[in-house]
Amino acid sequence: MTAALGLRDRVVLTEVSKTYDTPTGSTVALSPTDLVIEPREFVSVVGPSGCGKTTLLQLLGGFLEPSTGTLLVGDDRVDGPGPERGVVFQSPTLYPWLSVRGNVEFGPKCRGVDKKTRRAAAERMLELVGLGEFAGKRPYELSGGMQQRAQIARVLVNDPRIILMDEPFGALDQLTRERLQVELLRLWRESGKTIVFVTHSVEEAVFLSTRVLVMSARPGRVIVDRRIQLPGDDDGGVRDLAVTATPEFQALKTELAKAIYEAHN
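My numbering puts the first residue of the sequence shown at 1, with every later residue one more than the last.
Hints may contain errors.
Unchecked claim - Ranges between beta-carbon positions, derived for each pair: (1) E248 x P83: 37 to 43 Å; (2) T14 x H264: 24 to 30 Å; (3) A120 x P83: 15 to 21 Å; (4) A171 x V243: 42 to 48 Å; (5) T68 x A245: 42 to 48 Å; (6) Y20 x P231: 19 to 25 Å.
What the hints assert, rightly or not - Derived pair list, reagent style PhoX-like, types lysine-lysine, alpha-carbon separation capped at 25 Å: (7) K137 x K109; (8) K116 x K137; (9) K115 x K137.
These are computed hints drawn from the structure, not numbers from a lab. Bear in mind the structure is a predicted one, so any value in this text is a computation, not a measurement. Backbone N, C-alpha and C define an ideal beta-carbon position, used for all residues, glycine too.
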């Protein structure tokens with residue numbers, strides 16, 4: 001990736017805040033925040049409930065307008081949703097009347113991509129997430145984990161440079177969650193995308209990320225910005241779940257869990 005291409009994927013927040021007006025007054029969800037997310041980073045955001053994690057993600061996605069400050073992707077100011085940013089929500093948002101393939105094709109179809117091209121792209125993404133043989137199924141025929149993989153494929157087929165994920169594995173059982181964590185890391189390595197991932201799980205954040213942000217209780221602000229380096233990372237491969245048993249992993253997990261506890265109190 002050239003320097004110019006890298007810079008266009010950099011996310012820069014300068015004094016970005018969000019205040020909600022309510023009948024009883026104003027609520028500050030996010031204090032003025034300065035933040036830079038570099039291309040190809042995997043950044044997880046953790047913190048107490050109500051600390052502004054989802055507000056931050058919605059600002060990045062362009063679904064909310066900042067009360068103050070500027071938010072840039074490259075040189076472009078974020079003033080709404082855009083094709084360079086894809087969003088994976090906590091609950092699958094697949095269209096029940098379409099097949100899995102039809103769901104994945106939906107974005108390219110809306111952009112006017114011809115049928116042959118969008119069909120090939122959809123099938124390529126479904127193979128990538130391990131759902132090639134389920135392309136003709138309806139969403140209700142898939143498990144929760146498979147539906148989330150289909151949702152990820154639907155985002156990837158649009159080739160966003162930045163993927164925003166709001167607790168996508170929160171409702172899944174532990175075994176499915178762990179399997180999808182490994183698959184997500186593989187997809188991230190292969191695609192070179194930038195990922196911002198909101199989660200309540202410190203263990204999930206440490207396992208997935210190159211960097212973890214800890215937010216304080218409301219009004220939310222980033223109080224810890226921790227780089228994550230685990231055994232085997234220098235080899236350039238995908239992390240294995242066995243790394244969670246290492247002293248380095250446990251030390252990071254304890255450090256961040258303590259920071260969240262202190263932020264809550």
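Non-conforming hints, listed in increasing numerical order: Violated hints (numbers, rising): 4, 6; every other hint is consistent with the structure.
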